[in-house]
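If you're matching them up, the sequences are chains A and B in order.
Whatever position you read off the first sequence (first residue = 1), add 10 for the working numbering.
Whatever position you read off the second sequence (first residue = 1), add 110 for the working numbering.
What the hints contain is simulated information worked out from the structure, not anything from laboratory work.
Keep in mind that a hint or two might mislead.
[Said to hold, decoys possible] Not the full set, but computed from the structure, chain A residues with beta-carbon under 10 angstroms of chain B:
hint: 1; residue: Q32
hint: 2; residue: S41
hint: 3; residue: G52
hint: 4; residue: L53
hint: 5; residue: V98
hint: 6; residue: G116
hint: 7; residue: G118
C-beta atoms are modelled at their ideal positions from N, C-alpha and C, and glycine is treated no differently.
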Amino acid sequence: NAGVTQTPKFQVLKTGQSMTLQCAQDMNHNSMYWYRQDPGMGLRLIYYSASEGTTDKGEVPNGYNVSRLNKREFSLRLESAAPSQTSVYFCAGQGAGSSYNEQFFGPGTRLTVL
Amino acid sequence: QKEVEQNSGPLSVPEGAIASLNCTYSDRGSQSFFWYRQYSGKSPELIMFIYSNGDKEDGRFTAQLNKASQYVSLLIRDSQPSDSATYLCAAKNTGGFKTIFGAGTRLFVKA
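With the rest of the complex left out, here is chain A (with noise of 0.2 angstroms):
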């Protein structure tokens, strides 16, 4: 049982370059999401998907895209990447049953832009 895994954990990217940000979950989760952290921000919600096949935005979704490819699989695109989009990027899961409100989060991708 792997959790909520991401990949990859590092990536260096040049302005104007796009990447996808890879997210898998094992946990039957019906919901998942997309954040960003920056120093001193918390975390801010960038796309989610509250089951398999819908999507909305979050609170910063400006340059980003997401596709929910299956009930495992949530992905985030960067089509041109900008500097101020240097963070690092954390997929979560909410979890069912009595955990149903708690989120699991995986490991995170820090992102560089140049």
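Using the hints provided, position chain B relative to the given structure of chain A.
Coordinates of chain B only, in the frame set by chain A:
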């Protein structure tokens, strides 16, 4: 903008003391409240959640909720150096899909 506010700290306490972490929230529709701990370079992990007014205890941790004052707190008794981390307060509407996080309070426990 629905917000969760925390003092960024750092909060420094000696080993064995009680650490008190505080949080306020602006959305009166918030029903569930969470405390996550985040070690440097790691991802957040849940340590406590609370839904009802009053206190909830789990080992050395006590979460307190006052919905009238829109105030949530976390007490850590017998603080240990291993408790040194950033503590994130979070709020969620029941049945909603979004959780709003505070910016976190850094706690240092001095040996």
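Hints, verified against the model:
Violation of the interface hint for Q32 (chain A) is found here, the shortest Cβ-Cβ separation to chain B being roughly 16 angstroms, above the 10 angstroms cut-off. The closest approach between the C-beta of S41 (chain A) and any C-beta of chain B is roughly 6 angstroms, which is under the 10 angstroms cut-off, so the hint is satisfied. Hint on G52 (chain A) holds. Least Cβ distance to chain B is approximately 4 angstroms, under the 10 angstroms limit. Checking L53 (chain A) against chain B by beta carbon gives a least distance of about 4 angstroms; that is within 10 angstroms, so the hint holds.
Here the hint on V98 (chain A) is kept, as its CB sits about 9 angstroms from the closest CB of chain B, short of 10 angstroms. The restraint placing G116 (chain A) at the interface with chain B holds, with a minimum CB-CB distance near 6 angstroms, inside the 10 angstroms limit. Given the 10 angstroms rule on beta carbons, the hint for G118 (chain A) holds: about 5 angstroms separates it from the nearest Cβ of chain B.
Checked against the numbered hints above, the structure violates only hint 1.
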